[in-house]
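Residue numbers (our numbering): 2 to 136.
Take these hints with a grain of salt, some might be off.
[Unchecked claim] EDC-like, lysine to aspartate or glutamate: derived pairs with alpha carbons at most 20 angstroms apart:
hint, residue 1, residue 2
1, LYS49, GLU125
2, LYS60, GLU117
3, LYS105, GLU56
4, LYS132, GLU117
5, LYS133, ASP76
6, LYS105, ASP41
7, LYS132, ASP79
8, LYS27, GLU117
9, LYS35, GLU130
10, LYS133, GLU44
11, LYS84, ASP58
12, LYS84, GLU44
13, LYS120, ASP41
14, LYS84, GLU125
15, LYS122, ASP92
16, LYS60, ASP92
17, LYS60, ASP79
18, LYS132, ASP41
19, LYS122, ASP58
20, LYS49, GLU130
21, LYS84, GLU52
[As the list claims (entries may be wrong)] Using C-beta positions, here's what the derived DEER-type ranges look like:
hint, residue 1, residue 2, range
22, GLU125, VAL36, 44 to 50 angstroms
23, GLU117, GLN45, 23 to 29 angstroms
24, PRO107, LYS133, 41 to 47 angstroms
25, ILE66, ARG128, 23 to 29 angstroms
26, LYS133, GLY72, 14 to 20 angstroms
27, THR85, LYS133, 36 to 42 angstroms
28, VAL36, GLU101, 45 to 51 angstroms
29, ARG70, GLU125, 30 to 36 angstroms
30, PRO61, VAL26, 46 to 52 angstroms
31, THR71, ARG40, 46 to 52 angstroms
Everything labelled a hint here was simulated from the structure, so no lab data went into it.
Keep in mind the model is a prediction, meaning the values are calculated, not measured.
Virtual Cβ for every residue (Gly too), placed ideally from N, Cα, C.
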Amino acid sequence: MTLFTPHNLEWVTNLSCRRWCCMSVKGWGALVRKVTRIRDGVEQAPQKAAEAWIEQDFKPYAQQIAPRRTGAFADSIDGRASKTRVTVFADAPHARYVEEGTSKMPAQPTVGPAVEHTKGKLRERVRNEIKKVTR
Numbered sequence: 002m003t004l005f006t007p008h009n010l011e012w013v014t015n016l017s018c019r020r021w022c023c024m025s026v027k028g029w030g031a032l033v034r035k036v037t038r039i040r041d042g043v044e045q046a047p048q049k050a051a052e053a054w055i056e057q058d059f060k061p062y063a064q065q066i067a068p069r070r071t072g073a074f075a076d077s078i079d080g081r082a083s084k085t086r087v088t089v090f091a092d093a094p095h096a097r098y099v100e101e102g103t104s105k106m107p108a109q110p111t112v113g114p115a116v117e118h119t120k121g122k123l124r125e126r127v128r129n130e131i132k133k134v135t136r
């Protein structure tokens with residue numbers, strides 16, 4: 002629903018003043034509130050989208066492809082999102098050895114491939130969040 006069109010914004014001019022002209026716009030406060038709501042929503046959209054991506058796309062896929070012996074590595078896969086950054090990680094004590102390998106054990110990368118596989122969904126989620134806010 003569009004609240005503001007050229008037809009429902011009414012400019013009112015008071016020409017009774019001799020030295021200056023007073024002008025007001027009916028509906029200006031509502032317009033400012035709507036623009037503020039959109040601005041705030043667009044600022045928060047990437048973080049909201051990233052949080053949903055971590056929980057619904059990245060973590061399930063990363064845990065699915067993670068090597069499982071005890072399950073500690075897969076269970077330690079997580080992520081955090083802020084307004085400007087998404088951080089994904091595995092914080093099990095042996096996560097680095099699983100991801101990078103050792104002299105006696107080949108690398109079994111999980112976090113990087115999971116990001117590559119699901120990053121398109123992150124872009125889509127951000128786009129959808131912004132569309133939702135600006136409707």
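To see whether the hints hold, each was checked on the structure:
Pair hint LYS49 plus GLU125 holds up; C-alpha atoms about 12 angstroms apart against a cutoff of 20 angstroms. For a cut-off of 20 angstroms, the pair hint linking LYS60 to GLU117 stands: about 13 angstroms separates their Cα positions. A hinted pair counts as satisfied when its Cα atoms are at most 20 angstroms apart, and LYS105 with GLU56 does not qualify at roughly 33 angstroms. Note on LYS132 and GLU117: the hinted pairing is violated, with a Cα-Cα distance of about 24 angstroms set against a maximum of 20 angstroms.
Distance hint between LYS133 and ASP76 is unfulfilled; the C-alpha atoms sit about 33 angstroms from each other, more than 20 angstroms. Taking the CA atoms of LYS105 and ASP41, the gap is near 52 angstroms; set against the 20 angstroms cutoff, the hint is violated. Distance check on the hinted pair: LYS132 and ASP79 sit about 27 angstroms apart at the alpha-carbon level, beyond 20 angstroms; violated. Annotation: proposed proximity of LYS27 to GLU117 is violated, straight-line Cα distance about 51 angstroms (limit 20 angstroms).
Restraint check for LYS35 and GLU130: the C-alpha separation of about 17 angstroms stays at or below 20 angstroms, so the hint holds. Simply put, LYS133 and GLU44 have alpha-carbon atoms about 13 angstroms apart, close enough for the 20 angstroms limit, and the pair holds. Note on LYS84 and ASP58: the hinted pairing holds, with a Cα-Cα distance of about 19 angstroms set against a maximum of 20 angstroms. Note on LYS84 and GLU44: the hinted pairing holds, with a Cα-Cα distance of about 7 angstroms set against a maximum of 20 angstroms.
With a C-alpha separation of about 24 angstroms, the suggested pair LYS120 and ASP41 falls outside the 20 angstroms cut-off, and the hint is violated. At most 20 angstroms may separate the alpha-carbon atoms for a hinted pair to count; LYS84 and GLU125 meet this at roughly 17 angstroms. Pair hint LYS122 plus ASP92 does not hold up; C-alpha atoms about 24 angstroms apart against a cutoff of 20 angstroms. Note on LYS60 and ASP92: the hinted pairing holds, with a Cα-Cα distance of about 13 angstroms set against a maximum of 20 angstroms.
Proposed proximity of LYS60 and ASP79 is supported: the alpha carbons are some 6 angstroms apart, at most 20 angstroms. For a cut-off of 20 angstroms, the pair hint linking LYS132 to ASP41 stands: about 13 angstroms separates their Cα positions. At most 20 angstroms may separate the alpha-carbon atoms for a hinted pair to count; LYS122 and ASP58 meet this at roughly 7 angstroms. Annotation: proposed proximity of LYS49 to GLU130 holds, straight-line Cα distance about 8 angstroms (limit 20 angstroms).
In summary, the hint linking LYS84 to GLU52 is supported, as the alpha carbons are separated by about 10 angstroms, within the 20 angstroms threshold. The beta-carbon spacing between GLU125 and VAL36, approximately 26 angstroms, falls outside the hinted interval of 44 to 50 angstroms. Between GLU117 and GLN45 the C-beta distance comes to about 26 angstroms, which sits within the given range of 23 to 29 angstroms. Roughly 44 angstroms separates the CB atoms of PRO107 and LYS133, a value that falls within the hinted 41 to 47 angstroms.
The supplied range of 23 to 29 angstroms is met by ILE66 and ARG128, whose beta-carbon atoms lie about 26 angstroms from each other. In this structure, LYS133 and GLY72 break the distance hint of 14 to 20 angstroms, their C-beta atoms being roughly 36 angstroms apart. A hinted range of 36 to 42 angstroms for the beta carbons of THR85 and LYS133 is inconsistent with their spacing of about 20 angstroms. At roughly 49 angstroms, the beta-carbon separation of VAL36 and GLU101 lies within the given 45 to 51 angstroms, and the hint holds.
For ARG70 paired with GLU125, a C-beta distance near 34 angstroms keeps the hint of 30 to 36 angstroms intact. For PRO61 paired with VAL26, a C-beta distance near 50 angstroms keeps the hint of 46 to 52 angstroms intact. Between THR71 and ARG40 the beta carbons are some 47 angstroms apart, a value that agrees with the proposed interval 46 to 52 angstroms.
Hint check: violations occur at hints 3, 4, 5, 6, 7, 8, 13, 15, 22, 26 and 27; the rest are consistent with the structure.
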